[in-house]
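Undergrad: Taken in sequence, the protein lines are chains A and B. Those letters in the first sequence? Residues 1 to 168, per our numbering, in order. Those letters in the second sequence? Residues 169 to 478, per our numbering, in order.
Don't take each hint at face value.
Claimed, not checked - Coverage of chain B stretches by chain A, computed from C-beta distances (three or more under 8 Å per stretch; other residues unrestricted):
1. 248 to 258
2. 298 to 308
3. 314 to 323
4. 328 to 334
5. 352 to 361
Calculated directly from the structure, the hints in this document are not laboratory data. For each residue, glycine too, the CB sits at the ideal point set by N, CA and C.
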Amino acid sequence: MSAPTRDAAEVAGLVADPELPMLTLADLGILRGVDETGAGRVVVTITPTYSGCPAMEAIRDDVIGALHGAGYADVEVRTVLTPAWSTDRITRAGRAKLAAAGISPPGPAPRRAAGPVPLTLGPSRRDVRCPHCGHGDTELITAFSATACRELRRCPSCREPFEHVKEI
Amino acid sequence: MAFDAAYEALTDHEDDARWAYGTGFVDPLAGVSTVVPSQVERADLVAYCLMLGDDALVMSHRLQQWVTRAPELEDELAIANIALDLLGQARLLLSRAGEVEGAGRDEDALAYLREASEFRNVLLVERDDADFAHLVARLLVFATWRLALLDRLVTSRDPVLAAIGAKGVKEVTYHREYAAQWVVRLGDGTAESHARMQAAVDAVWPLVDELFRPDAIELGLVAAGVAADPAGLRDEFDAIWAQVLGAATLRPAVTPATAQSAAVSAEPGGPPEVGGLPGAGGRRGEHTSAFAGILAELQSLARSMPGGSW
Numbered sequence: 001m002s003a004p005t006r007d008a009a010e011v012a013g014l015v016a017d018p019e020l021p022m023l024t025l026a027d028l029g030i031l032r033g034v035d036e037t038g039a040g041r042v043v044v045t046i047t048p049t050y051s052g053c054p055a056m057e058a059i060r061d062d063v064i065g066a067l068h069g070a071g072y073a074d075v076e077v078r079t080v081l082t083p084a085w086s087t088d089r090i091t092r093a094g095r096a097k098l099a100a101a102g103i104s105p106p107g108p109a110p111r112r113a114a115g116p117v118p119l120t121l122g123p124s125r126r127d128v129r130c131p132h133c134g135h136g137d138t139e140l141i142t143a144f145s146a147t148a149c150r151e152l153r154r155c156p157s158c159r160e161p162f163e164h165v166k167e168i
Numbered sequence: 169m170a171f172d173a174a175y176e177a178l179t180d181h182e183d184d185a186r187w188a189y190g191t192g193f194v195d196p197l198a199g200v201s202t203v204v205p206s207q208v209e210r211a212d213l214v215a216y217c218l219m220l221g222d223d224a225l226v227m228s229h230r231l232q233q234w235v236t237r238a239p240e241l242e243d244e245l246a247i248a249n250i251a252l253d254l255l256g257q258a259r260l261l262l263s264r265a266g267e268v269e270g271a272g273r274d275e276d277a278l279a280y281l282r283e284a285s286e287f288r289n290v291l292l293v294e295r296d297d298a299d300f301a302h303l304v305a306r307l308l309v310f311a312t313w314r315l316a317l318l319d320r321l322v323t324s325r326d327p328v329l330a331a332i333g334a335k336g337v338k339e340v341t342y343h344r345e346y347a348a349q350w351v352v353r354l355g356d357g358t359a360e361s362h363a364r365m366q367a368a369v370d371a372v373w374p375l376v377d378e379l380f381r382p383d384a385i386e387l388g389l390v391a392a393g394v395a396a397d398p399a400g401l402r403d404e405f406d407a408i409w410a411q412v413l414g415a416a417t418l419r420p421a422v423t424p425a426t427a428q429s430a431a432v433s434a435e436p437g438g439p440p441e442v443g444g445l446p447g448a449g450g451r452r453g454e455h456t457s458a459f460a461g462i463l464a465e466l467q468s469l470a471r472s473m474p475g476g477s478w
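Make the full structure from the sequences, and use the hints.
TA: Put into structure tokens, the structure is as follows:
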């Protein structure tokens with residue numbers, strides 16, 4: 001294997017997410033560290049979006065494959081749980097890519113006051129903009145869509161359903 | 169006939185690109201910390217991780233059984249996603265239990281190769297649902313209790329439990345909301361849906377007290393600043409339960425004393441259900457008759473093909 005030619009952090013950051021392939025790991029904000037600990041050796045630290053995220057294995061193998069391809073012979077991927085991932089970690093570029101793909105990007109993650117987590121039983125409409133027509137007041141169909149991180153909404157104006165990355 | 173070889177491609181291991189995520193992964197959770205906080209017995213921490221892990225594993229399994237049977241496609245998605253979140257929590261907790269135990273048992277060995285009496289889950293999670301109203305009543309109880317519990321774990325002295333708590337709170341908040349909205353929709357719906365939702369609330373209620381009854385190992389870990397005190401979660405649970413029942417136009421369930429005697433005689437002529445007996449329960453490895461069926465389904469493949477992989 002020849003000597004690495006590209007920066008390890010850049011290579012790992014450009015790996016695509018398997019569930020949302022329009023996003024890189026850097027866009028998604030799940031890359032916690034890329035440390036070159038010796039000649040050709042890299043330790044990459046990632047965090048899962050959800051506890052049961054089935055893509056973690058694939059992401060790890062993709063990171064290892066990409067870094068091997070860039071000339072890093074010895075790659076280790078570690079998983080950390082803390083601090084827990086939040087949709088606030090999705091970068092501005094990542095949000096633009098989601099919107100361009102017809103997926104509504106998340107708003108700010110809910111801020112909690114002290115005490116128990118409040119239960120909301122309110123109306124299913126709120127101000128999430130329709131990625132197709134731009135209408136603002138859309139309706140929740142289900143809080144769980146193709147993956148745990150997305151909910152399914154419907155636009156009352158253009159009548160199209162769309163996915164929204166829900167805030168956590 | 170081209171169909172003669174229809175399954176050949178599935179057994180061809182030259183190329184795994186046909187699987188969405190490939191095959192043959194090494195477990196990414198291996199390497200979970202084995203460090204135990206000071207003044208904590210290793211065996212106690214293992215037992216506690218098994219309690220919380222088994223709760224999630226068995227609840228996840230029961231939810232999975234509803235996939236393809238839910239009233240709407242959207243609910244299939246929701247139930248599958250909730251089950252997946254809980255399975256993820258179970259994997260983390262069982263992996264941690266195995267690592268701390270240090271006897272060479274990984275998450276698979278703990279899930280697939282333990283006997284019923286070694287499972288530490290509360291009886292609520294193993295109950296077979298008579299209808300969809302029973303499922304959402306049970307999920308509301310479970311998620312409300314677990315959310316309160318995970319939220320307390322965030323400040324645990326054990327960093328792994330604290331991390332699992334912080335992550336799980338975000339997930340279970342959505343689970344509770346999903347269940348609560350269905351309880352309201354059915355309770356405040358037609359006369360038929362109201363009656364069945366009320367029946368489900370009454371049926372699940374006898375299993376609630378066990379959730380808040382601390383076991384001796386839990387009490388020791390509460391004192392050590394590692395576990396959440398189950399008794400301390402009751403007020404939050406009662407407030408949420410009252411909020412949802414009020415919005416759903418349902419009355420509170422019958423009193424636990426009446427319900428317990430009803431649970432004991434649930435199966436005429438059969439052995440008494442331990443769920444109805446004061447002081448007995450899942451934390452001690454005493455399970456209802458429904459649990460055997462769950463384990464048979466969960467474990468049969470792993471037990472008939474030891475070490476098998478695909």
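Undergrad: Given as covered by chain A, does the stretch 352 to 361 of chain B meet the bar of three residues or more with CB within less than 8 Å?
TA: As far as the stretch 352 to 361 of chain B goes, the hint is violated, because 1 residues have Cβ atoms under 8 Å from chain A.
Undergrad: Okay, the stretch 298 to 308 of chain B and chain A, do three or more residues pass the C-beta test at under 8 Å?
TA: That given contact is violated, which follows from only 0 residues of the stretch 298 to 308 of chain B lying within Cβ reach (below 8 Å) of chain A.
Undergrad: Can you confirm whether chain A covers the stretch 328 to 334 of chain B, using C-beta to C-beta distances below 8 Å and requiring at least three such residues?
TA: holds (count 5)
Undergrad: Between the stretch 314 to 323 of chain B and chain A, are there enough contacts, at least three residues with CB-CB distance under 8 Å, for the coverage claim to hold?
TA: holds (count 3)
Undergrad: If you look at each residue in the stretch 248 to 258 of chain B, do at least three have a Cβ nearer than 8 Å to any Cβ of chain A?
TA: holds (count 9)
Taken one by one, the earlier hints fail for this structure at numbers 2, 5, listed in ascending order.
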